[in-house]
Amino acid sequence: MTTGLKAVINREFERIKSETIYIWLLFILPLFTFLLFTTMFSRGKADSYPVAIYDADNSPLSRQIVSWIEATPEVKFTKKVTSLQEGKHLIEKGDVIGVLKIPDGLENAVYSGNPKKMVLFYSNMNLSAGSGVSVAIIKTIKTMSAGVNMQKRMSKNKEMLDQALNNIQPVRIEAHALYNPYINYSYYLVTGLLPVMLLMFILSTTIYVIGSELKYKTAGDWYKISSKSVIVALTGKLLPYSIVFIIEAFFMNTILFKIVGAPQNGNFFIIFIATIFFVYAYMAMGVVLITVLPNIRLALSIGAAYASLAFSFAGLTFPMIAMVDYMRAFAQIFPYTHYLKIYINEAMKGLDLYYSVSSFLILSIFITLPFLLIPRMRALLTKDKYWGKS
Amino acid sequence: MKNKKTTYNFFNDIIDVWLNEYKTIFRDAGVVTLFIIAVVVYPIIYSLAYNNELAKEVPIAVVDMNDSDLSRKLISMLDATDEVNVVFKTPDFNQAKELFKKSEVYGVVSIPSDFDKKIFKSETAVVPVYADASYMIIYKQIMTAANYSIGTYSAGIEIQRRISKKEQYEQAFESRDPLPLETYALYNPRGGYASYAMPAVLLLILQQTLLLGIGLIGGTTKENRNTHFLLPIGNKRGGALSIVIGKSIAYYTIYIFNAIYVFVLVFRMFSFPMRGNYFEIFVFITPFLFAVIYMGITISAFFKKREHALMVLLFPSIPFIFLTGFSWPTQAMPQWQIWLSQIIPSTPAIKGFLALSQRGATFNDVFYNWLHIWALIFFYLGASTLLIKKLIKKVNN
Chain A
1 MTTGLKAVIN REFERIKSET IYIWLLFILP LFTFLLFTTM FSRGKADSYP VAIYDADNSP
61 LSRQIVSWIE ATPEVKFTKK VTSLQEGKHL IEKGDVIGVL KIPDGLENAV YSGNPKKMVL
121 FYSNMNLSAG SGVSVAIIKT IKTMSAGVNM QKRMSKNKEM LDQALNNIQP VRIEAHALYN
181 PYINYSYYLV TGLLPVMLLM FILSTTIYVI GSELKYKTAG DWYKISSKSV IVALTGKLLP
241 YSIVFIIEAF FMNTILFKIV GAPQNGNFFI IFIATIFFVY AYMAMGVVLI TVLPNIRLAL
301 SIGAAYASLA FSFAGLTFPM IAMVDYMRAF AQIFPYTHYL KIYINEAMKG LDLYYSVSSF
361 LILSIFITLP FLLIPRMRAL LTKDKYWGKS
Chain B
1001 MKNKKTTYNF FNDIIDVWLN EYKTIFRDAG VVTLFIIAVV VYPIIYSLAY NNELAKEVPI
1061 AVVDMNDSDL SRKLISMLDA TDEVNVVFKT PDFNQAKELF KKSEVYGVVS IPSDFDKKIF
1121 KSETAVVPVY ADASYMIIYK QIMTAANYSI GTYSAGIEIQ RRISKKEQYE QAFESRDPLP
1181 LETYALYNPR GGYASYAMPA VLLLILQQTL LLGIGLIGGT TKENRNTHFL LPIGNKRGGA
1241 LSIVIGKSIA YYTIYIFNAI YVFVLVFRMF SFPMRGNYFE IFVFITPFLF AVIYMGITIS
1301 AFFKKREHAL MVLLFPSIPF IFLTGFSWPT QAMPQWQIWL SQIIPSTPAI KGFLALSQRG
1361 ATFNDVFYNW LHIWALIFFY LGASTLLIKK LIKKVNN
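As given, the protein sequences belong to chains A and B, one line each in that order. Numbering of the first sequence is given in the numbering used here, commencing with residue 1 and proceeding in unit increments. Numbering of the second sequence is given in the numbering used here, commencing with residue 1001 and proceeding in unit increments.
A few of these clues could be false.
In silico DMTMM-like links for lysine to aspartate or glutamate, alpha-carbon gap of 25 Å or less [unchecked claim]:
1. Lys1351(B) to Asp95(A)
2. Lys139(A) to Glu1123(B)
3. Lys1102(B) to Asp352(A)
4. Lys1101(B) to Asp325(A)
5. Lys1056(B) to Glu174(A)
6. Lys1097(B) to Glu70(A)
7. Lys389(A) to Asp1028(B)
8. Lys80(A) to Glu70(A)
9. Lys1118(B) to Asp1177(B)
10. Lys142(A) to Glu1280(B)
Take a look, some chain B residues computed to stay more than 10 Å from chain A by CB distance [stated by the list, open to error]:
11. Phe1026
12. Ala1029
13. Thr1090
14. Ile1137
15. Ile1163
16. Tyr1184
17. Asn1235
18. Gly1238
19. Ile1256
20. Leu1265
21. Arg1268
22. Phe1282
23. Ala1301
24. Gly1382
By construction, these hints were calculated from the structure, which means they are not laboratory data. By construction, the Cβ of each residue, glycine as well, lies at the ideal position given by its N, Cα and C atoms.
Okay, chain B solo, but in the shape it has when bound (with noise of 0.2 Å):
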């Protein structure tokens, strides 16, 4: 009988402790600002900014020294990719080196003056390309466009030496290739930039809005001496596993809005691609949250005061970004950092994520992600309450 009753309380301030959290999160207008308005705009300003996706038409000059039919052809077929937009024809070298100098092009394609003259001969006639490499996107643009037009245009050359030598068209054309290979590139094809970026970065917006928000609610109910309505419930036996359940409840149910919003909403209205389906989605992400809030409920413990949780919490978004390993590969990475990086949620979530949403694959797949989030779970939350409870009774004495 008095078993039951005790179990009745539990769950009785757990509801008690999830409505008041409420109260302390809407009257806040720091918390409000990073769960709310951050939420709402960080994803709209960032997918904004990769909206183009591509660095399309990146200026380039060309040193046309030679000045022949066969360069001018050339000059035409670079300029027909996506990818570069000639802006500028010229002989003279140094004008190129100058507008290359102010950022005005990024790359100069320089046909040497003896260009036609041993294409004439049967000799390999070399173009130099020279690409601004202090911005990878940028010399990518600039050797791919150069790699396929040019390699465009000596194999058209060479399939007319053969076929002046009075080979077939067809078997010109075949023997110039005995090892054609097909390449099929999944997923982002045009290997646009905010398809790559935008998922792993908004699940990252996720995390680390909740971890600010409640590192400064943290904060502000040890400034100021606020425990007194969780005290009756802390000082109970369990009573701080009842109070860090109840808070969680409260910022779960707010951010799973949050999460519709940003994987719902938002890649609809910038098309990202999604190619899982939203039930499996939520299933994954939900015990994500709750690992992040209870980490950060670990996390805030730590601070005396609400400015210190937020300054503390600031910088490591930058680096639980490059640790998941999405865009750095994690077996570059020394050891120390990747055992680092295992008990930060975002790891496995974002592993995980990017496997359901963007490459379709299964939730079985996905599982041992899936696994070491409910880990991380029990991990943060024994945590979150043994500080917890060393904080009440710190209040109590």
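So here's chain A without its partners, still in its complex pose (with noise of 0.2 Å):
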């Protein structure tokens, strides 16, 4: 019998062709993931967030009004009412976002300079809907009352343009929204979900396939053939996934540059090595999970734990610095974490490595602690109490 690292690869493209499982969990699934979250984020901005309208003026104003609303790209009157219970009613049932009331008598009373309100009701449930469609229309009408006094002035007190618009507006902002001037969801969202998808095959199939040697008493063996050493029985095993996984994360770079276009700012090299220690710290993680629980099932359990949570822990659909301290210093123990640092660091603020140093030398730390774990791995491989627990 041939022993040394290139048997124990030989031994594994074996075991990989004798279950579909993992061509699934290599191929399918993963590149299923990045087709799905790619395609469901292509449009970058959700826009035409239905809204009701109740034009009880129905004036040349109002209408005028109702038409510069609509042709903001985040609203769409849908449905038009007849008051404003009815409004909040299909709030309620989910059919609008809110509901807008032009008040009777709205034109005349602009001109006779005593102003009447009208009524925005928007549900803010879903902050991004909520805030599109009440800014849009927010926006839209400070826009068009800007427009009416300026006019007004214009014609009362001889004004000239350019003074009767800076009277209006003593102070302006000019908002920089910096490394995604677009405000983009899908380069925000997609860059943070693709890797979270690839991490949790990653996690689940180093788990798995040092866990079913356990499970199915094949362990001996494979430590036979690795000529009895831990380290090359490791190498020889997870070297074909963690090429498949680096590809596949190299190919996801690619779709959030390339297709998503999400911005490229640093250096690529960079991300490039990261994205390395990104896909060897999880399988790291998968060592270091089976190794300490040598059970299949329990390992997988709280290594789905361990991946899901991942995702809402990295800060970037809740701020981190919003986060309570303890759960702050929790959200450190997940490599994605200390990832999506050096990304954002790197693609989309084009920051010197000098500020991402500290999160490479985290996602170093995971990478070495198996290494710790090698007496005890050596333990699994050899005693049979270790074996064939379901």
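Make one complex out of these two single chains by using the hints.
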């Protein structure tokens, strides 16, 4: 019998061929999730939120207000209602996000100098829909209001156009959305979601390929072929998978930069290295989990929790600075948190490597953890009391 | 007479399977981890993480190149908002930039050196605001604070100018804004993240733990050829149906307690808003649980090994929540994903549950979601019965 690294790798290829699950975990499902999320957010920005309109004035001015608001990408008036109550019921049912009331006599009131209030009710349950609709309507009405204001001033006081404009806006904001100039959700969510999907497959595959050796009592054979070296056994076993996942991770970054069009302001080589660190950090955590809990089912259940919590704690959807201290500390146990920090620093912000060094160091700590567990791993591979656990 | 006996047997079998299923569940540490421990722990971890609800007092820096009374007043107005905290004041833009790179501040407000001069000369002073948009919520908070404080500041100056032109205060105030708008944010007026995400996340936790647990059990029975107990029942006419129904009652009786824990206890512990009545909520949730159970049995019939079920059912948790359209709107998704989402119980369930529990809709308003869930029950009940029947045939041969 040949032993050594090459023999272990050959043995692994035979195992991969023996079960269809490998094809699913290594190729079909990861690529499917890439496709799913890339196409889901391909529009970049959600728009045309349904809103109800209650136009009690029905004057040229009110119709102009309606058509101006409808010209914004965010709002689409899908329902006409005849009372605020009716509009609010549509919000409750979930048919519309908000309802805008234009009061009776609005136009007359404007010219008599005794303005009447318009009212907007909107559901803020979905934060992006709520702010999308309210910001679009507020902005449009403010712009129109400024226009009316200016007309009145120019006709009354004979102010010059420039002067009138300055008087209406003594101080103006110039907003700069750094790193994500289009406030595009797909840059932001897809770049976060694809690595999460990948890490789920990396972690569970790693646990499975080692755990199944224990469960089906083939660990002894594996150890023998490795010429009784834990390092050779693990390297030979995990090398094929790490190559597949690294290639997929590069493919993922290519999708993000080329298809999604996410900003790439940094050094591509650093992102490349960070991706490799990310893949190995999760493989290392897979080895740690199955070594500490040499029961494949238990290790996979805990791994499932570890993998699915990563997304919520990385601070992408809910910022880490808003978390309580112990939750912020908890977020550090996920390699994903550190990978994402490097990714954002490099690709989005285009910062120097200097700002990401600490994150690289932390990722390296994850990668070295399995080496501390070599004695334990050796025991698992040699003592049959660890084998055959369901 | 004979007919009566088969009916009696059918129900008897259901009860046998039902009670036996508890043994399968509670003997299995993996299933107990998912059905009990995960359901207890997950909602608490998530709720704690999002407990602060808002990103308050986001640290920002102000570059004050003007350093006048007017600019200092603007800074103190910025600092007074809930959303941001001015942690650093400097006349040097590069210094602020460095803090920004180190993520010590997330935004920079830059007041130009001619700020007060422009205001005195009745020209528009432009104030650039730089905010980190790689984290959406942070960007939003900084912009809200800047718009609010600078807007108020600007309005103050405008009214003063009008008064100096001898307009009456009230007249000045009113003619400033000829088209006033009043806005009311409903249900989640403060825009809290936990109130937004948790109701949907909690429902999804129930669905995913249930699917994973059933996947584990389904795989196990097949692996050990452990159908011996079920075989005599399965071989009868309609036997597969009584197996599926019997199992589902066992899962349901556990999950109705889980649902009570999540929707009553967790909701109260973290004071998530609840605007529906519990009777309607549970009338709505019950078919949802059954639909998930039958979906779980259907999926589990495809796996040869219990680990396989666990690995393959892990990844959909995040896709499922996005497919419901609760965060990313359905109308922005490609058509094939909208179709795909229709066969997942969480899609109609989260829509209806949010309407009932958060927006205080009536049961009538969510009736179509409820029917949709019932359709899924029958679809998955049929599919799982057929698959179990096929499995039993296979074991027989």
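Each hint, compared with the structure:
no.: 1; hint: Lys1351(B) to Asp95(A); result: holds (11 Å)
no.: 2; hint: Lys139(A) to Glu1123(B); result: holds (22 Å)
no.: 3; hint: Lys1102(B) to Asp352(A); result: holds (11 Å)
no.: 4; hint: Lys1101(B) to Asp325(A); result: holds (22 Å)
no.: 5; hint: Lys1056(B) to Glu174(A); result: holds (23 Å)
no.: 6; hint: Lys1097(B) to Glu70(A); result: violated (39 Å)
no.: 7; hint: Lys389(A) to Asp1028(B); result: holds (12 Å)
no.: 8; hint: Lys80(A) to Glu70(A); result: holds (13 Å)
no.: 9; hint: Lys1118(B) to Asp1177(B); result: holds (23 Å)
no.: 10; hint: Lys142(A) to Glu1280(B); result: violated (42 Å)
no.: 11; hint: Phe1026; result: holds (15 Å)
no.: 12; hint: Ala1029; result: violated (7 Å)
no.: 13; hint: Thr1090; result: holds (18 Å)
no.: 14; hint: Ile1137; result: violated (5 Å)
no.: 15; hint: Ile1163; result: holds (13 Å)
no.: 16; hint: Tyr1184; result: violated (5 Å)
no.: 17; hint: Asn1235; result: holds (27 Å)
no.: 18; hint: Gly1238; result: holds (32 Å)
no.: 19; hint: Ile1256; result: holds (23 Å)
no.: 20; hint: Leu1265; result: holds (21 Å)
no.: 21; hint: Arg1268; result: holds (19 Å)
no.: 22; hint: Phe1282; result: holds (20 Å)
no.: 23; hint: Ala1301; result: holds (16 Å)
no.: 24; hint: Gly1382; result: holds (25 Å)
Hint compliance for this structure: hints 6, 10, 12, 14, 16 are not met, and every other hint is.
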